[in-house]
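J.: In order, the protein sequence lines correspond to chains A and B. Letter by letter, the first sequence follows residues 1 to 431 in the working numbering. Letter by letter, the second sequence follows residues 1 to 431 in the working numbering.
None of these hints come from the bench; they were simulated from the model. Warning: the hint list may mix true and false statements.
The list cannot tell twin chains apart, which means a pair is met if one copy fits it or any two copies do.
Said to hold, decoys possible - Here are the simulated lysine-lysine pairs, BS3-like style, with alpha carbons at most 27 Å apart:
1. K390 x K124
2. K62 x K390
3. K274 x K244
4. K287 x K324
5. K390 x K25
6. K6 x K237
7. K105 x K390
8. K311 x K244
9. K125 x K6
10. K324 x K390
11. K390 x K106
12. K237 x K11
13. K125 x K390
14. K390 x K91
15. K105 x K62
2 protein chains.
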Amino acid sequence: MHTFIKDLSNKVGEEVTIKGWLNNKRSSGKIAFLEIRDGSGFAQAVAVKDSLPAEVWQGIEKLTQESSLEVTGKVTKHPKQEGVFELQVCKCAGVQVASEYPISKKDHGPEFLMDNRHLWLRSKKQWAILRIRDTVETAINEYLHSQNFIRTDSPIFTPNACEGTTTLFPVPYFDLGTAYLSQSGQLYIEAAIASVGRCYDFGPVFRAEKSTTKRHLTEFWMMDAEAAFVEHDENLKIQEGLVKAIVKKCLENCQQEFSALERDTVALKKMLDKPFSHYFYDEAIKKLNKLGSDIKYGEDLGNDDEGLLTKDSDVPVFIEKWPKSIKSFYMKIDPENSDRVLNDDLIGIEGAGELIGGSQREDDYNLLLERIRHEGLSEKDYEWYLDLRKYGSVPHSGFGIGVERVVRWISGAEHIRECIPFPRTINRLRP
Amino acid sequence: MHTFIKDLSNKVGEEVTIKGWLNNKRSSGKIAFLEIRDGSGFAQAVAVKDSLPAEVWQGIEKLTQESSLEVTGKVTKHPKQEGVFELQVCKCAGVQVASEYPISKKDHGPEFLMDNRHLWLRSKKQWAILRIRDTVETAINEYLHSQNFIRTDSPIFTPNACEGTTTLFPVPYFDLGTAYLSQSGQLYIEAAIASVGRCYDFGPVFRAEKSTTKRHLTEFWMMDAEAAFVEHDENLKIQEGLVKAIVKKCLENCQQEFSALERDTVALKKMLDKPFSHYFYDEAIKKLNKLGSDIKYGEDLGNDDEGLLTKDSDVPVFIEKWPKSIKSFYMKIDPENSDRVLNDDLIGIEGAGELIGGSQREDDYNLLLERIRHEGLSEKDYEWYLDLRKYGSVPHSGFGIGVERVVRWISGAEHIRECIPFPRTINRLRP
Numbered sequence: 001m002h003t004f005i006k007d008l009s010n011k012v013g014e015e016v017t018i019k020g021w022l023n024n025k026r027s028s029g030k031i032a033f034l035e036i037r038d039g040s041g042f043a044q045a046v047a048v049k050d051s052l053p054a055e056v057w058q059g060i061e062k063l064t065q066e067s068s069l070e071v072t073g074k075v076t077k078h079p080k081q082e083g084v085f086e087l088q089v090c091k092c093a094g095v096q097v098a099s100e101y102p103i104s105k106k107d108h109g110p111e112f113l114m115d116n117r118h119l120w121l122r123s124k125k126q127w128a129i130l131r132i133r134d135t136v137e138t139a140i141n142e143y144l145h146s147q148n149f150i151r152t153d154s155p156i157f158t159p160n161a162c163e164g165t166t167t168l169f170p171v172p173y174f175d176l177g178t179a180y181l182s183q184s185g186q187l188y189i190e191a192a193i194a195s196v197g198r199c200y201d202f203g204p205v206f207r208a209e210k211s212t213t214k215r216h217l218t219e220f221w222m223m224d225a226e227a228a229f230v231e232h233d234e235n236l237k238i239q240e241g242l243v244k245a246i247v248k249k250c251l252e253n254c255q256q257e258f259s260a261l262e263r264d265t266v267a268l269k270k271m272l273d274k275p276f277s278h279y280f281y282d283e284a285i286k287k288l289n290k291l292g293s294d295i296k297y298g299e300d301l302g303n304d305d306e307g308l309l310t311k312d313s314d315v316p317v318f319i320e321k322w323p324k325s326i327k328s329f330y331m332k333i334d335p336e337n338s339d340r341v342l343n344d345d346l347i348g349i350e351g352a353g354e355l356i357g358g359s360q361r362e363d364d365y366n367l368l369l370e371r372i373r374h375e376g377l378s379e380k381d382y383e384w385y386l387d388l389r390k391y392g393s394v395p396h397s398g399f400g401i402g403v404e405r406v407v408r409w410i411s412g413a414e415h416i417r418e419c420i421p422f423p424r425t426i427n428r429l430r431p
Numbered sequence: 001m002h003t004f005i006k007d008l009s010n011k012v013g014e015e016v017t018i019k020g021w022l023n024n025k026r027s028s029g030k031i032a033f034l035e036i037r038d039g040s041g042f043a044q045a046v047a048v049k050d051s052l053p054a055e056v057w058q059g060i061e062k063l064t065q066e067s068s069l070e071v072t073g074k075v076t077k078h079p080k081q082e083g084v085f086e087l088q089v090c091k092c093a094g095v096q097v098a099s100e101y102p103i104s105k106k107d108h109g110p111e112f113l114m115d116n117r118h119l120w121l122r123s124k125k126q127w128a129i130l131r132i133r134d135t136v137e138t139a140i141n142e143y144l145h146s147q148n149f150i151r152t153d154s155p156i157f158t159p160n161a162c163e164g165t166t167t168l169f170p171v172p173y174f175d176l177g178t179a180y181l182s183q184s185g186q187l188y189i190e191a192a193i194a195s196v197g198r199c200y201d202f203g204p205v206f207r208a209e210k211s212t213t214k215r216h217l218t219e220f221w222m223m224d225a226e227a228a229f230v231e232h233d234e235n236l237k238i239q240e241g242l243v244k245a246i247v248k249k250c251l252e253n254c255q256q257e258f259s260a261l262e263r264d265t266v267a268l269k270k271m272l273d274k275p276f277s278h279y280f281y282d283e284a285i286k287k288l289n290k291l292g293s294d295i296k297y298g299e300d301l302g303n304d305d306e307g308l309l310t311k312d313s314d315v316p317v318f319i320e321k322w323p324k325s326i327k328s329f330y331m332k333i334d335p336e337n338s339d340r341v342l343n344d345d346l347i348g349i350e351g352a353g354e355l356i357g358g359s360q361r362e363d364d365y366n367l368l369l370e371r372i373r374h375e376g377l378s379e380k381d382y383e384w385y386l387d388l389r390k391y392g393s394v395p396h397s398g399f400g401i402g403v404e405r406v407v408r409w410i411s412g413a414e415h416i417r418e419c420i421p422f423p424r425t426i427n428r429l430r431p
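Generate the whole structure from the sequences, applying the supplied hints.
T.: Encoded structure:
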């Protein structure tokens with residue numbers, strides 16, 4: 001059995017074997033410093049020519065960047081750096097000596113890096129982002145289970161669209177005509193709450209948007225949650241709890257990753273102890289106008305507006321109760337103002353943009369039918385969804401969170417394409 | 001705040017409110033027994049006409065099956081059934097009185113139930129299967145993390161096929177031609193191990209198979225795991241550990257669900273303490289021939305063969321080292337016999353069929369290139385995959401587990417379509 005680098009701290013004074021890749025090598029000709037990674041972490045192995053058999057030293061000299069290797073040696077504490085451990089090499093064997101590695105230390109253009117995504121993933125920053133993504137996903141699963149949500153996967157092949165038809169990917173489907181790739185599992189988990197009470201899905205969704213911004217992918221991961229007997233205010237509390245649980249778990253588990261990314265986490269820590277801010281949509285518009293935005297009532301917020309609104313905020317900001325006219329048909333109309341719906345967008349701090357969109361859902365059969373007709377949607381396509389209001393309708397609410405947007409915010413990654421292992425955009429289908 | 005039914009055991013003697021659906025009602029005209037479910041469990045509420053205001057009793061009389069309701073009352077222990085709790089009703093309000101529910105107690109045909117899948121999910125058995133599925137998925141995440149695997153989601157849109165092209169769903173993809181929906185994320189996570197060491201993906205995969213058996217879906221969930229420096233024997237140990245971890249967690253958390261399904265769990269318990277069985281492929285063929293099968297060397301096992309081989313087994317059975325000729329190009333050739341590969345299929349007990357397929361992967365550049373050419377695959381399409389053998393190739397292994405197959409086995413469900421919330425088959429795209 002070999003030892004994972006993350007466990008070296010428990011092995012000081014022992015002789016262990018680690019297996020991994022040569023991340024970097026410095027050699028004076030008499031002493032070589034091998035920076036090795038094995039996925040669990042990074043460690044330095046120190047090889048002294050005079051204390052090694054000649055053929056071992058020669059083997060070390062031949063090792064190129066990215067070569068795979070097995071190194072045996074005694075674990076010591078780094079003489080200067082607290083919490084860093086080294087290996088004093090007594091054996092070292094290359095597993096495969098790598099060809100000249102195409103990704104060097106100098107800057108590469110994004111297209112080159114994306115063409116080599118299968119290799120670029122190995123860079124320390126990409127490694128850190130992958131691990132933060134895993135932590136975010138785990139935090140989501142854990143928090144929702146702690147709140148009595150059950151995971152119920154939604155289908156990808158759907159016969160109709162949840163929100164409009166212009167950005168759908170069509171797929172020929174046997175004798176049944178065309179299937180569309182799901183843009184959201186929400187309608188499906190609304191059905192499942194009458195079975196399991198509270199549920200969530202967590203999978204890829206698809207948008208055929210011809211957009212090339214830093215925030216758009218054609219394929220991205222969403223978590224949709226839905227809960228019976230939860231109304232607007234409680235819905236927001238669950239969302240706030242989730243975002244805090246994600247940040248808390250990343251702060252607990254990802255210090256090494258944050259260092260690799262040179263990510264200052266002061267703002268993340270500060271956020272945990274305070275309640276999130278709230279604006280009603282019309283308050284937000286007024287505030288934005290004061291701050292110099294020319295946004296008008298009835299318009300959606302742009303990226304700049306989201307930035308303006310959260311610029312001086314220590315905490316994410318809910319924007320609640322938007323005009324019915326610009327929101328989806330399934331959102332419940334505010335009993336206090338029939339032009340508004342009981343929804344929210346949650347805007348992150350540090351320029352994160354929109355993290356969550358949520359709403360209480362229309363639970364009245366007749367009102368929902370009216371909205372479906374008003375939007376010109378096919379009544380037949382939504383028959384099953386209307387059924388949910390015929391057989392034991394309940395007040396219920398839910399929300400969706402975009403995984404890559406959260407990962408981008410927490411990791412501080414510049415572009416969303418770094419926040420998913422193999423990004424797909426309008427121009428990118430490989431590797 | 002209302003109380004979840006699962007928490008009633010902690011509230012004996014207290015007055016609480018539960019919110020849910022009327023699963024069933026029996027009434028003598030003087031006393032009514034309301035079976036209520038809220039997703040977390042089932043409870044009986046007892047309403048006595050004489051002790052309630054007249055309008056409350058009248059409200060109860062109007063409640064139909066599947067009506068949503070809120071009931072307040074004192075929690076008592078069931079007079080006869082250990083571990084069952086009741087509510088002595090003092091308040092009861094219908095939230096929405098359901099229209100006549102289309103799913104009755106009498107037998108419905110599968111097509112009718114599938115057309116009403118959005119409602120059928122509410123039945124006790126479907127509820128139990130949904131919750132077992134959630135538990136299986138949680139167990140997979142937990143076990144893999146405990147073994148140092150990091151979740152790295154694979155892409156759904158792929159430019160080429162992992163295993164053949166006949167069963168792919170094509171999707172028109174902007175100016176880039178055609179994308180295919182992924183059948184396996186394996187090749188992608190093989191790239192990611194050089195970053196994170198051990199990783200897994202967990203998402204939907206797609207097969208355009210014109211098959212209508214009890215075991216086929218066009219869209220199903222797979223978990224693929226991959227680990228650097230893990231060879232054939234250790235790969236099997238990880239698979240065995242995973243299956244046992246899943247069964248263990250279900251036995252710990254799903255007793256209520258097993259009762260609802262009338263699932264005898266003796267065989268599941270028995271399996272936990274014993275090592276899994278192993279046959280080499282050629283031993284398995286000989287044994288099958290002895291048992292009466294006419295399978296020939298070089299053929300794949302059919303369902304009947306899998307059943308025969310595990311009929312008298314207390315534990316799942318590994319079939320190892322299959323003929324190279326019937327297995328995928330990426331499997332590593334057995335150094336002891338160049339006609340065989342270092343792979344395994346894991347066959348479940350109780351007629352579960354194949355649960356896992358795994359293999360050590362070919363890590364030699366030239367041998368892999370030769371296999372790709374021999375299979376007539378496009379060298380260019382696999383260039384990035386070949387790169388993984390050029391830059392620090394390592395011995396590595398992995399496997400894939402089909403979530404629905406595992407859920408079907410553990411829940412004892414008859415048909416795989418019950419093991420996913422909204423199944424998609426060749427004939428089924430709705431609801």
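J.: Next, verify each hint and record whether it holds.
T.: Structure-based check of all given hints:
no.	hint	in the structure
1	K390 x K124	between (54 Å within a copy, 20 Å between copies)
2	K62 x K390	between (73 Å within a copy, 15 Å between copies)
3	K274 x K244	within (10 Å within a copy, 43 Å between copies)
4	K287 x K324	within (20 Å within a copy, 68 Å between copies)
5	K390 x K25	between (68 Å within a copy, 19 Å between copies)
6	K6 x K237	between (36 Å within a copy, 22 Å between copies)
7	K105 x K390	between (62 Å within a copy, 19 Å between copies)
8	K311 x K244	within (19 Å within a copy, 50 Å between copies)
9	K125 x K6	within (17 Å within a copy, 44 Å between copies)
10	K324 x K390	within (23 Å within a copy, 57 Å between copies)
11	K390 x K106	between (63 Å within a copy, 21 Å between copies)
12	K237 x K11	between (44 Å within a copy, 25 Å between copies)
13	K125 x K390	between (52 Å within a copy, 22 Å between copies)
14	K390 x K91	between (72 Å within a copy, 24 Å between copies)
15	K105 x K62	within (20 Å within a copy, 74 Å between copies)
In summary, this structure violates none of the numbered hints.
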